[in-house]
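Undergrad: Take a look at the letters that make up each chain.
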Amino acid sequence: MNLFEYQGRELYEKHAIPCAKGFVVESMQDLEAKMAQAHYPVVVKAQVLVGGRGKAGGVKFADNAAQLREVTKGILGLNIKGHVTKKVMVAQKLDFAKEFYLGIMVDRATRKFLMLFSADGGVEIESVPEERIFKTTIDPLTGFQPFHARAVLLKSGLDADVQKQLAGVMAKLYTLFVKEDAELAEINPLAIQRDGKVVAGDAKVVLNDSAVFRHPEFKQKDENMTDLEQEAKERGVALVQLDGNIGVMANGAGLTMGTLDALTQFGGKAGVFLDLSGTDNPEKVAEAVRLMKKAKPAVMFLNLFGGITKCDTVANGLVTVLRKEGVEFPIITRIKGTNAKEANEILHSFGLETAPTLDAAAKKASEMAKNPSAYKIVRATPGGI
Amino acid sequence: MVVVLTSDSRIVVQGATGYQGQFHIGQMKQFGTNVVAGVTPGKGGEKVHDVPVFDTVAEAVQVAKANTSLIFVPAPYAKDAVIEAVDAGCKVVIVITEHIPVHDSAVFVNYAKAKGVTLIGPNCPGACSPGPKSKVGILPGVIFKPGPVAVASKSGTLTYEIVGALSEAGIGQSSVLGLGGDPIPGTTLLDAVKLFEHDADTKAIVLVGEIGGGHEEEAAEYIQRTGLAKRKPIYAYVAGQTAPEGKKMGHAGALVEKGKGTAASKLAAFKAAGVKVAVFPTDIAQFVKTDLRL
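These protein sequence lines map, in sequence, to chains A and B. Residue numbering for the first sequence follows my numbering, starting at 4 and increasing by one per position. Residue numbering for the second sequence follows my numbering, starting at 1177 and increasing by one per position.
Just so you know, the hints here were simulated from the structure itself, not pulled from any lab data. Fair warning: there could be bad hints in the mix.
List time: in silico DSSO-like cross-link candidates among lysine-lysine, alpha-carbon distance up to 27 Å [to be verified]:
# : chain 1 : residue 1 : chain 2 : residue 2
1 : A       : K207      : B       : K1436
2 : A       : K272      : B       : K1370
3 : A       : K224      : B       : K1423
4 : A       : K272      : B       : K1436
These stretches of chain B come out as covered by chain A in the derived footprint (C-beta under 8 Å, 3 or more residues) [to be verified]:
#  : segment
5  : 1209 to 1222
6  : 1312 to 1322
7  : 1326 to 1332
8  : 1353 to 1360
9  : 1411 to 1419
10 : 1425 to 1435
We treat Cβ as the ideally placed atom computed from N, Cα and C, and that holds for glycine.
Please work from the sequences and hints to get the whole structure.
TA: Laid out in C-alpha cells, this is it:
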C-alpha cells in the first residue's frame, strides 16, 4: 500500500530522519487553525498518489499568509490525473544546494534487500543512467552495516562531512524500512541545503499489504483501488476491475489470470478478475457472486478446477444467489475436478450453459459477450424455492 | 530418485490441530504420505488421525524422527514456526500459509538457505512425489500418477489443471513442486530447474510462471546457457498476459511494475531458451505426449 507523502514524512520524523518542518490540512478551516505553524517561505503540495503533480499545478509556493490561503484554496480539491486532492501538505521551503536519491527496497531477484544511491536526485530514478546509480545488497539476516554506506558513497566524490550525514540517514532509513514493514522507502530528493545540512525533501513509503496487521494506524483505503475492489478486499476476495465486459470468476490466481488470457484468443475481454481462491463455503461463494453483480459484466464466466475445493459446493453458492436474487447477465461455466459431475447437474437444472474445455468455454464466453441479450438470463425464482 | 520428497520423507505438521491441519493430515495419510507427527504448542499428547501431537518440533524430530515440516500456522506466527523447524533439524520445510509479511519471509528464506534447508513456499499448495507416495500440502491426491515429468509452478490451481491433464493423458509425474506466488519464495523456478536437471527419474520438465518479478527470465537464462532444453524437453505456461500494470492479480507477487515482470518478457525468454510455450495450460499434456512418444 502506497502511503501519502505526509504519512511517509511522519514515519521519517518518528525515525529521526531530518525533514522540513510542516503540517497537513484537509480544509480551509483546518488551515486557519494551523496557520501559525507555517515558517515562510513554504511549499504547498497536493497529497495524491500519482506522479507529475508539479506539472499539474499541485505544488505551489507561498511567502506569506495571504498567498498560503490562496494557493491552498487552489490545490484542495484539484483533480490530478483522476486523483482528487483531499489533503495538502504545507512545509518549509528548503534551499537545496544539491539533490540526491536514496532508496531501499525488497529485491525479488536476490531475495534480499537492495539500497540504491545516486548523486543525481530530484528526477525520476528511472531516468538516471545506470552507471550513475550505486547499488548494494543488504542481507536481511545481518541488516544494514556501515560498509553498505561506504559501498555506495565511495565513488560519489562528496565531502567527508556530507558522506557522514548521508550514512546516518541510510542507517535510519533502513531501520524504518524494517520496523515499518516497508516494501520500498525512498527519499527523492535527499538534499544538502546551503547551510550544509542534509534533509529529506520528499517521502515515499510503500507498506507491505500483508503486514498491515502490525501497523493498524495504516488501515486505510488504498487509493489505487476502486470502491468495489476495496469492498472485495475487505471481504477477503481478490477482485480487479478491468476494461472489458466479461466477468471472470475462477479459483486460484493463476487459473483466473489464465482464463483472462484464454478469452483474448477469441476476441473476448475480461472486465472483472475474481479469484475465489480456496473458497468452498457456499455462503462465501454467494458473496463473491454478489460482488460480481455489482461490477455489472455483460457475461459471467465461471471457470473451476476442483481439487480440495469441491465444485458442487461452489455451484450451490452460485445457485443460492440465482434462486433468491437472480442475475442480470448470462452465465457460462466450465467445471472440472472434484465433484464436477454433481456441479454440472446443479447448474444444468438452472439452465446454465456449460462447456467441456477451457478453450471451448472461452470461445463461447467471447461470443456471448458480443450479444449478451441473445442468451438466457436467470432471474430470481418467485418465492425463492 | 525423485527430488524434495522421497521414500525417506517423514512429515511433521506444524499447526496440526487446526481445521486445515486436521483435514490435510487425513488427506495426506490417505494418499500414503508418511505423516509421523503433529505440532501444536500446548496440545502435546493429543492425536490427530492417530498421529501423535507434540508441543515442539524438536520433540517431533527426536521422538518421531521427523525430517520434513509442513506449516499451516497463521501468518503472524509463520516466521517463528519456520525458524523452529530449521533449528530442530528439518531438512525440508514447506510453508502453505498465505499473506506472510515480506520482511518475515525475507528473514526465514535466507535463514533456511544459510542452513542448507530446502524451503518451499510460502503461499504455496505444497509438493508431491507420486512414485514414493509422498504428498505434502493441500494438493488434491487424485490427480497424480507416477511417471517421468517434473512440474514446478507458481500457481496452485494451474498445477492441478496441468497435472490432471497429464495424468488423464496417461503421463505420470516424478516430482511436482508448488512454489507459490509470493515475491520472495524459498525455492525459485531456477532452483527447481537445477533439481530436475540432475534427477535421473525426470525426462521432461514443465514450468508454470506468472507475471511479476524476474524468476522466469532467470530460469530461462540458465536453460539457454546450459542448453538444458536439448537434453530434457522443457515446456512452459505463463499466466497474466492480459494483466494491467500496477494491479496485484490475486497473488502478492503477481504484479507488473513500471513495465517490468510482464508475461511477454517471460514468454520471449523461454522461447529464446528453446522452451516450448503453451497458449492454453491444458495444451501441455498434448505437447509432452507427442514429444516423449508416450
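Undergrad: All hints are to be evaluated individually against the structure, with a verdict given for each.
TA: Here is how each hint holds up against the structure:
1. Straight-line distance between C-alpha atoms of A:K207 and B:K1436 comes to about 20 Å, which keeps the hinted pair within the 27 Å bound.
2. Note on A:K272 and B:K1370: the hinted pairing is violated, with a Cα-Cα distance of about 37 Å set against a maximum of 27 Å.
3. The suggested pairing of A:K224 with B:K1423 holds, with an alpha-carbon distance near 15 Å, which does not exceed 27 Å.
4. Proposed proximity of A:K272 and B:K1436 is supported: the alpha carbons are some 22 Å apart, at most 27 Å.
5. Only residues whose beta carbon comes within less than 8 Å of a beta carbon in chain A count, and the segment 1209 to 1222 of chain B has 0; fewer than three means the coverage is violated.
6. Restraint check on the segment 1312 to 1322 of chain B versus chain A: 5 residues with Cβ-Cβ distances below 8 Å, three needed, restraint holds.
7. Beta-carbon proximity to chain A at under 8 Å applies to 4 residues in the segment 1326 to 1332 of chain B; the threshold of 3 is reached and the given coverage holds.
8. Interface restraint, the segment 1353 to 1360 of chain B with chain A: holds (3 residues with C-beta to C-beta distance below 8 Å; minimum three).
9. Counting residues of the segment 1411 to 1419 of chain B whose CB lies closer than 8 Å to any CB of chain A gives 6, which reaches the minimum of 3, so the coverage claim holds.
10. Given a C-beta distance limit of less than 8 Å, the hint that chain A covers the segment 1425 to 1435 of chain B holds, as 7 residues qualify and 3 suffice.
The earlier numbered hints that this structure contradicts are 2 and 5.
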